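Participant: Chain by chain, the residues:
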Amino acid sequence: MSNENQEVIINPRQSGYDPTRALTEPPMVRFILIALSLLFLGLFLFVPLAVVFATALEKGIQAYGEAVLERDALSAIRLTLLTTFISVVLNTLFGVASAWAITRFQFPGKNILITLIDLPFTVSPVVSGLVFVLLFGLQGYFGHWLADHNLKVIFATPGIVLATVFITFPFISRELIPLMQEQGPEEEEAGMVLGASGWQIFWKVTLPNIKWGLLYGIILCNARAMGEFGAVSVVSGHIRGLTNTMPLHVEILYNEYNFTAAFAVASLLAFLALLTLVAKAFIETHAQDEKIALPPAHEQSRTP
Amino acid sequence: MSIEVRNLSKRFNGFQAVKDTNLKLESGSLTALLGPSGSGKSTLLRMIAGLEVPDTGAIHLTGREATHVSAKERNVGFVFQHYALFKHMTVFENIAFGLRVRKQKESEILERVYELLSLIQLTGYDKRFPAQLSGGQRQRVAVARALAPRPEVLLLDEPFGALDAKVREELREWILKLHEESHVTTLFVTHDQQEALEVASRILIMNHGAIEQDGTPIEIFDKPASHFIAQFVGETNYIDTEVSEKGLAVWGPFRFPVNPTLPLKQKIRIYFRPNDVYMTAQFETLQVRARIAKARFKGTIIEYKLDIGEDKHISAQIPKGVALASGFKDGQEVYAAITAFHVFPIES
Amino acid sequence: MKLKSTGVLPGFGLTMGFTVTYLCLIVLIPLGALILKATSLSWGQFLDTVTSPRVLASYRLSFGAAFIGALINSIFGFMVAWVLVRYEFPGKRLVDAMVDLPFALPTAVAGIALTALYTTNGWLGRWLEPLGIHVAFTPLGVIVAVTFIGLPFVVRTLQPVLESLDPEMEKAAVSLGANRWYTLSRVVFPSLVPAWITGFSLAFARAVGEYGSVIFISGNMPMKTEIAPLLIITKLEQYDYAGATAIAVVMLVVSFFLLLGVNWLQARTGRHRAT
Numbered sequence: 001m002s003n004e005n006q007e008v009i010i011n012p013r014q015s016g017y018d019p020t021r022a023l024t025e026p027p028m029v030r031f032i033l034i035a036l037s038l039l040f041l042g043l044f045l046f047v048p049l050a051v052v053f054a055t056a057l058e059k060g061i062q063a064y065g066e067a068v069l070e071r072d073a074l075s076a077i078r079l080t081l082l083t084t085f086i087s088v089v090l091n092t093l094f095g096v097a098s099a100w101a102i103t104r105f106q107f108p109g110k111n112i113l114i115t116l117i118d119l120p121f122t123v124s125p126v127v128s129g130l131v132f133v134l135l136f137g138l139q140g141y142f143g144h145w146l147a148d149h150n151l152k153v154i155f156a157t158p159g160i161v162l163a164t165v166f167i168t169f170p171f172i173s174r175e176l177i178p179l180m181q182e183q184g185p186e187e188e189e190a191g192m193v194l195g196a197s198g199w200q201i202f203w204k205v206t207l208p209n210i211k212w213g214l215l216y217g218i219i220l221c222n223a224r225a226m227g228e229f230g231a232v233s234v235v236s237g238h239i240r241g242l243t244n245t246m247p248l249h250v251e252i253l254y255n256e257y258n259f260t261a262a263f264a265v266a267s268l269l270a271f272l273a274l275l276t277l278v279a280k281a282f283i284e285t286h287a288q289d290e291k292i293a294l295p296p297a298h299e300q301s302r303t304p
Numbered sequence: 001m002s003i004e005v006r007n008l009s010k011r012f013n014g015f016q017a018v019k020d021t022n023l024k025l026e027s028g029s030l031t032a033l034l035g036p037s038g039s040g041k042s043t044l045l046r047m048i049a050g051l052e053v054p055d056t057g058a059i060h061l062t063g064r065e066a067t068h069v070s071a072k073e074r075n076v077g078f079v080f081q082h083y084a085l086f087k088h089m090t091v092f093e094n095i096a097f098g099l100r101v102r103k104q105k106e107s108e109i110l111e112r113v114y115e116l117l118s119l120i121q122l123t124g125y126d127k128r129f130p131a132q133l134s135g136g137q138r139q140r141v142a143v144a145r146a147l148a149p150r151p152e153v154l155l156l157d158e159p160f161g162a163l164d165a166k167v168r169e170e171l172r173e174w175i176l177k178l179h180e181e182s183h184v185t186t187l188f189v190t191h192d193q194q195e196a197l198e199v200a201s202r203i204l205i206m207n208h209g210a211i212e213q214d215g216t217p218i219e220i221f222d223k224p225a226s227h228f229i230a231q232f233v234g235e236t237n238y239i240d241t242e243v244s245e246k247g248l249a250v251w252g253p254f255r256f257p258v259n260p261t262l263p264l265k266q267k268i269r270i271y272f273r274p275n276d277v278y279m280t281a282q283f284e285t286l287q288v289r290a291r292i293a294k295a296r297f298k299g300t301i302i303e304y305k306l307d308i309g310e311d312k313h314i315s316a317q318i319p320k321g322v323a324l325a326s327g328f329k330d331g332q333e334v335y336a337a338i339t340a341f342h343v344f345p346i347e348s
Numbered sequence: 001m002k003l004k005s006t007g008v009l010p011g012f013g014l015t016m017g018f019t020v021t022y023l024c025l026i027v028l029i030p031l032g033a034l035i036l037k038a039t040s041l042s043w044g045q046f047l048d049t050v051t052s053p054r055v056l057a058s059y060r061l062s063f064g065a066a067f068i069g070a071l072i073n074s075i076f077g078f079m080v081a082w083v084l085v086r087y088e089f090p091g092k093r094l095v096d097a098m099v100d101l102p103f104a105l106p107t108a109v110a111g112i113a114l115t116a117l118y119t120t121n122g123w124l125g126r127w128l129e130p131l132g133i134h135v136a137f138t139p140l141g142v143i144v145a146v147t148f149i150g151l152p153f154v155v156r157t158l159q160p161v162l163e164s165l166d167p168e169m170e171k172a173a174v175s176l177g178a179n180r181w182y183t184l185s186r187v188v189f190p191s192l193v194p195a196w197i198t199g200f201s202l203a204f205a206r207a208v209g210e211y212g213s214v215i216f217i218s219g220n221m222p223m224k225t226e227i228a229p230l231l232i233i234t235k236l237e238q239y240d241y242a243g244a245t246a247i248a249v250v251m252l253v254v255s256f257f258l259l260l261g262v263n264w265l266q267a268r269t270g271r272h273r274a275t
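In order, the protein sequences belong to chains X, L and S.
Its first residue numbered 1, the first sequence is counted upward by one per residue in the working numbering.
Its first residue numbered 1, the second sequence is counted upward by one per residue in the working numbering.
Its first residue numbered 1, the third sequence is counted upward by one per residue in the working numbering.
Please keep in mind that the hints were generated in silico from the structure rather than gathered at the bench.
It should be emphasised that the depicted structure is a prediction, and the values quoted were computed from it without experimental measurement.
Accuracy of the hints is not assured; some may be wrong.
[Unchecked claim] Derived DMTMM-like pairs (lysine to aspartate or glutamate); straight-line CA-CA distance at most 25 angstroms: (1) S:Lys-224 - X:Glu-256; (2) X:Lys-110 - L:Asp-55; (3) X:Lys-204 - L:Glu-108; (4) L:Lys-294 - L:Asp-311; (5) L:Lys-127 - X:Glu-186.
Just chain X, same shape as in the assembly (with noise of 0.2 angstroms):
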């Protein structure tokens, strides 16, 4: 501290005066800050988090088990799993690619472009839903096509998979324009120069420079798309066993007042959310060590 003692200019008629002390808050002060933060965030995050897996190891670790394994809740897993799959797998398909269009090329109505990527962050997860029950929906647009070809979109799996990829189409592209724009793309024309292919210029050059940042935005759409819940509600028509994800099956559940079930399935999630923290904390001290300026989780939600 005694640097800051120094810098500071002490005006001498006002004896015993404390330069280090008017930079920060009484202890006093800081202590109570810190206790009604702590208060604040542990009565918010902390107490919901513990009621959940206090509620699902309630009545024993078997009856845990039974609830996590019963027939129902393993098929709202795999379709969890499936649905998550495939959003991921798409959204990180397109993640890669509009941020390449966008960033290593100049074209006109570029600014339109973002903004519409943007659209899905700026509508209730219901509307989200609303929107596919308008076209697929028996009374949708595409209703009576749908039905004569005896195919099912909405309250079947690909009415799922659609909303799910509707809500989490951001995510990765999101993460990955601000991140490219800033590396520019003088390392790509370096490799271009140098003779290499597109593709080779891609998996050599591109990726292990986006690495870290694909892989946050990964993260994120996967927790996203795992716990979806008011657009998936919407579409699902919530059919035991064949069209209800794990975060509808833990609200069947509830319904019913099978509150042991519906937490112990909800502590699979928390679990999982959990497991999303750990892997974002870790990706974020790799991507500081790598100097890499990741935009921060809340910029996934920010509205234009």
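For chain X, the structure is supplied; the task is to place chains L and S on it using the hints.
Facilitator: Coordinates of chains L and S only, in the frame set by chain X:
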């Protein structure tokens, strides 16, 4: 001809970056493309490399039409201003990149990379990452990477721009030596005239998207072709006056013989370098009287601001030894003559 | 206008083609369907739906609770951001990482967890109910849920700004004889205002559309604790697509204008700072 550019033009969003430019570079030459920032020199260089697409015009590389050939196929070496080394690859892998994408044999790659490492005096640095190198070392790796696939031409974009003065000095000598050894046709962009004058055997000066002069360093320095070059290269005095008699212009006590074809009353600007002012304590022939208003010590030379009356001033530079021997002091009366100058008419 | 790139790197056609096609299929055509549906409603039909008392009550609840939740978050979020940036205490890294929990935790899980906490027998409910504070199945419950959902926004928008504040600025203020409170209120806080507004508006926008975490704790009583997104679902379950669309459009328009207003406010404060 190694590089030939014909009528090349390029616009960015309404800004004319390069306009109707021609140039020819002989095989094995070392040429500087000198100009202020925004003069279009980097754009021209990037078009030659295939990193920008020209709007009109043609580019020939070693006799082949290359205007619409992808950068990937042009076989040019390009060194970026900020190196653009692959951050996640070692020095070895960076240099080997151009060979690997050409599917060369591992043994050949090994041999070529180690050969280049010794050429850039970085033997033993092969396993380092770019982040573990100094700026000058990174620049040398970038040059080695560009040279690895044996390009026909080497293009460097402000190669020393991001380095501090001392390292730049060293790298200038190094690049000269490298060119003597490799004899690859080299074109480098710079905004630093000292660098261009010292390193290049030929200088192209660009301004507002066009090449204004093409010549040897001595020609550029002693026979500037335009107002811009007279001001841009080296230090200079300039004065504005007009043709007062046929073949003569007058400014204060100085009389300048000018081209007799210039019409009377033609407004002109006369440029002369401070070291072309001949200054003595005693009157010699053809000198005018002046007074030293202020002396500025500049290391090996001393610069004097001379008051020549009528509220007119010029600056003169004298080697330090001569100045000290003459014992010039502020306020002293001296005699001065202008030994070399250039006259350009001012278009109204 | 011809879509023409000016870059020389390969892959423009492929990536741009995929981007635009995928964008159209997943986002533009579905949202287009919503607009198409909305334009097919007659004006009277539309007004009848969106001005029915039940719908109006749901708007009041959705927007009102979102506003109060965002307000709570802007106060406590500021405090949390300040504490995380300026002070040292054990467990700080864990706390910092946990702030993102509401992003990662599925909303349905958050919903049932909060409900379990605040019901009469819940860990918190059993202490609050005797005091006459009813949280579960009241509008207060809705506020609690949207506060949880919006918690990270203010913290995460303020944190980087606080970190990047030049400490020299505060030292300069002190050297000029300012006391701590004067330094904070005149030097530090004003430069945080734009980020603060952003955080507030993000939390608000998220809360307005929130569904999963709210429906469990709200109790969903018509006119009292029924949120607008739930009404959309109710209409859909009755195959009333028109009604659902009308409510959705009003929500979209209101959120859009609120965000527009916030952006305007932000631009104004930003300009004020620059001059």
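Participant: Look at each hint and say if it fits the structure.
Facilitator: Now for the hints, and whether the structure bears them out:
1. S:Lys-224 - X:Glu-256: 23 angstroms, holds
2. X:Lys-110 - L:Asp-55: 22 angstroms, holds
3. X:Lys-204 - L:Glu-108: Satisfied, since the Cα-Cα distance of roughly 21 angstroms is no more than 25 angstroms.
4. L:Lys-294 - L:Asp-311: Distance ~14 angstroms between Lys-294 of chain L and Asp-311 of chain L Cα, so the pair holds.
5. L:Lys-127 - X:Glu-186: 23 angstroms, holds
Comparing the model with each numbered hint stated earlier shows that all of them hold.
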